[in-house]
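Trainee: Below are the chains, spelled out letter by letter.
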Amino acid sequence: MSLHEVNPSVKAFAVVISILILSVFFDPITPLVTILWVVTVTFIFGRVSFKKWLLLFAPFLFIAIIYVWSTMLFPRLQAGDSVIWEWGFLTLTAEGFQRGVSLGLRVLSFATLSIMFTLTTKPTDFLLSLMQQCKLPPKLAYGIMAGYRFLPLIKEEFQTLQNAHRVRGVARARTIPEKVQQLKRYVIPLLAGAIRKAERTALAMESKGFTGEKNRIFYREITVSRIDWLFFILMISAVILSAFISWKLGYLQYYNREL
Amino acid sequence: MSLYDQIKAEQLAFSYEDSNIFTELTFSIEKNQSVLLLGPSGSGKSTLAYCLNKLYPEAVDGELKGSITFEGRNLDDFKPGELNQKIGIVFQDPESQFCMLTVEEEVAFGLENFHVPRAEMEAKIDRALEWVGLQAEKKTTIHTLSGGQKQKLALACVLVLQPEVIILDEPTANLDPLSSSDLVKTIARLKKERPFTLIVIEHKLDDWVELIDRCLVLDSSGTILFDGTLVQCFGEFAPYLQKEGIWLPKVVEAGITAKNAGMYKGERLPLRNHELLSGLEDSVAFLKKENKTISKKEPILEVSDLHARGHLKNINLLIHKGELTALVGANGSGKTTLSKCLAGLLPLMQGEIHFLDVPLSKWKEKDLFQRLGYVFQNPEHQFITDSVYEEIAFGLEHRATALDNLEKIGLEKHANAHPYSLSQGQKRRLSVATMLVHEQELLILDEPTFGQDANTAREIMEILDEKSGAVFMITHDMELVDQYADTVHVLDEGEIIFSGAPESLWDNHEVVNRARLKLPFRKQLQKDLVRRESHVTT
Amino acid sequence: MLAKWKLREVIVLSVLAVVFAVVYLLFVQLGNVLFGLFGLIGYDIIFGIWFIVSIIAAYIIRKPGAAFLSETVAATVEVMLGNAVGPQLILSGMIQGLGAEAVFAATKWKNYSTWVLMAAGMGSSVFSFAWGFYVSGFAALSPGYVTAMFFVRLVSGALLAGLLGKYLSEGLARTGALNSFPLGKEHKRNVTV
Ligand SMILES: Nc1ncnc2c1ncn2[C@@H]1O[C@H](COP(=O)(O)OP(=O)(O)OP(=O)(O)O)[C@@H](O)[C@H]1O
Ligand SMILES: Nc1ncnc2c1ncn2[C@@H]1O[C@H](COP(=O)(O)OP(=O)(O)OP(=O)(O)O)[C@@H](O)[C@H]1O
Ligand SMILES: [Mg+2]
Ligand SMILES: [Mg+2]
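Chains as they are written, first to last, in my numbering: chain C, 1 to 259; chain G, 1001 to 1538; chain V, 2001 to 2193.
Think of the hints as simulated: they come from the structure by calculation, not from any bench.
Some clues are possibly wrong.
[Stated by the list, open to error] Label-pair restraints from in silico Cβ distances:
id, chain 1, residue 1, chain 2, residue 2, range
1, V, Met-2001, C, Leu-92, 34 to 40 Å
2, V, Ala-2148, C, Pro-152, 37 to 43 Å
3, C, Ser-49, V, Leu-2026, 24 to 30 Å
4, V, Glu-2186, G, Asp-1126, 47 to 53 Å
5, G, Glu-1462, C, Lys-51, 58 to 64 Å
6, G, Glu-1510, V, Leu-2002, 57 to 63 Å
[Said to hold, decoys possible] So, partial list: chain G residues that the calculated Cβ filter (under 8 Å) puts toward chain C:
id, residue
7, Arg-1118
8, Glu-1365
9, Gln-1382
[To be verified] In silico PhoX-like cross-links for lysine-lysine, where the CA-CA straight-line distance does not exceed 25 Å:
id, chain 1, residue 1, chain 2, residue 2
10, V, Lys-2004, C, Lys-135
11, G, Lys-1408, G, Lys-1065
12, G, Lys-1079, G, Lys-1065
13, V, Lys-2188, C, Lys-184
By construction, the Cβ of each residue, glycine as well, lies at the ideal position given by its N, Cα and C atoms.
Could you put together the complete structure from these sequences and hints?
Mentor: Structure (structure tokens):
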């Protein structure tokens, strides 16, 4: 089995539902066990390059650290919390510290799930699958596809626009107000051009008989098999199992204690 | 009217809010006819094509009056999507007519829309790609195709649906000479295999003459100037068309010139080379071309040993003051890339460019672009303001002169329009004009005349020719090279394989073939003449 | 919902969403800087920018669903771009879009005055904050801090989404690119009068 072959919609649902479940818990062990599980799965069944993975993961590490200190510095104080350190309006409690760490780990658990999805899913397959399995209306799906196709065009357009300004003798912006002014000179024409092109594309699609009708025959069919469901069940069970382990170790904390 | 009329238009009128594009068009097209739709730039040809396909007026805020019927049924009675199965159209702008990422998916898109069973799709896609010669690109991302390949793909997408009517809006505008005759040949062959009605909008007619049964000519105010057979159209009406600024096939044009000079004795104007030759009294005298006297001037731009993105390598070239230099080559050979390097718009990987004896990298950008102008291949890339007037006035010291300049290129009526709302040809003219109003020492232009009618193309070339500074232009039009260029460089797969006077290029068959060029009409005629004479003597 | 939409409108909406998906991803970088400087509240300062496409699309196209769909599509495209923002982002996009849509719905999709646009930006703020409260566990933070975050995000939604969105859309209308859309037509009427 390869993660690349799992149906994209099923994979997406597995990720989203895992995240929704993880959000219920406020202890460090649940996300930690999940992280270990997801990373193992990503590298064994996804065969992704470690370098790429790390590149995507690094920013989340940074976010997680900020989370930890934000939560530590501005914790929600509860009766019975044991204060470790106090200075002015800042109070550090043992419980606050633990909650900070668990929120940081939560961010990282979301990140590992997302990265697993991102590195093993082709964008167009995802879109085709959303249309074929999740009943995303073809009008919107092909609209997104057409828009997605515009991306390299827009990037090129941006460079050309810069060149056009240079050739036409618009001076380079130096000060900040100049830069803002220049940004506006780029953004509006870029959007205007994109909108006009979009209208032409719509025309071309209609001329090829596209009406947005629901029952289409697909040249590339994306299927759902038993393996896909197996994957789904495995992922969700793993998250629940993480919570179970945390409970066994006596760490588990629910949401409702916080409310 | 004939029983076989497939498309019938009656009292057709189209207007945008503030202007009428055409009024009272009445015509009909028979099944399986091949019709050429001619007219000056901006006369409403593209607009008419959209109307025939029911895409307009829904898609724009314009108003359509009159009626169009297809096989006896009014267009309004067709269900959404139904008509599109019968009438296919290839649009003028190849860039924005795709919605998928890869070539095969794009071709499949149309088949999916019409519920073709999946089992049949693959074979149909393969066949369509074979017709246009894109088999090897089946899995390629559309974005990485060259302009010419995109035009071929657009055609394949329509051909695969096997519609009863195919409308082509300037399908060869950006193709190199050989690709464009290949494309016409493909269409002719397909039409023989499986007949369909063909409506072609085109400025350059020479390749199409063999295929076309009939001409429909619009004039600049959008009324029908002529409707009839090809022979009548060019044999009799040619001088009128010429006055309207409509391109004529080269033979016809030569015929008119010869006739005016009293050298042609044929009854009606010639449509084929051999007709012209047999009608000429003294063909040798007619074909002589006065040689331009070239006095080598000092160089203005020097390129030495340039390597750059894509596949440009070992480029050495010189541009001289006051000269008109042409750069030619096949689609994708690297012309645009090279020209951008010359203007300092792309980084070099190796080598050096000197402009006025100073390395490009040492120039201050502001000073550089006061002395060097650049016109982009895609006209829309040139525009940086919201109105036609502002485009011209931009950077001018005397803004009042802007209106004069607009008049010169025939756009004074559109002064307040947004540059993007112009017709393809008008956009091209405007983008060239924005650069012509300044007095640069070197002007670099990427295909300045594509999509132009005869008058405006001549206008542009004459302005360029008279310009005191040096001009460096990319073109696929060998007639322009022959007529105006002092020096021509040929680019092939990123390497310059020829530099010299046009005359010596035409005699170098190996280079001409390798770079997918064609001989200009004058040279073709000479060749035909030689062949004929050797026939006569043997 | 889409049945009443013309293909042209859907494609234009998607293209807007694509452009802003890129903008959104760029702003994540800026967000991270602010985040590093000010902590969690740093994000809230610029959070409004992530709702802007809702406002622009609704203001231009003026059809039920424009705000919701554009934000959802923008989020989908962000996922397709693969910058490690996973599929849960689509859910966030939908919730943000719903926030703005709710405000437009309250005017029966008739009123697009400045105040409504700002309120729509704030609607997105409210919805997205509620969602963030759950998934990001704001419950673990001190109530005072959370309240401050909420108000900063509210202002950001009104200004960066509502006002900036209006400003950009009107710049666009001036180019004539929107002439076949309600905003463009309104603009033309105002100019000729
Ligand atoms: N959306 C629009 N709004 C206003 N005017 C328009 C619009 N589109 C086209 N026009 C005008 O309609 C006229 C006819 O345009 P059209 O594209 O049909 O010309 P054309 O005959 O195809 O010219 P070309 O040979 O240059 O392609 C032009 O003058 C153009 O400025
Ligand atoms: N941005 C780019 N990135 C990578 N390759 C490119 C890029 N632009 C062009 N190329 C490639 O470089 C080659 C030369 O392209 P270029 O546009 O210079 O050709 P050209 O001679 O101007 O062709 P045409 O006659 O079709 O305009 C092509 O093979 C093209 O695919
Ligand atoms: Mg046209
Ligand atoms: Mg080129």
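Trainee: Of the numbered hints stated previously, which ones are contradicted by the structure, given in increasing order?
Mentor: Of the numbered hints given earlier, those the structure breaks are 1 and 11, listed in rising order.
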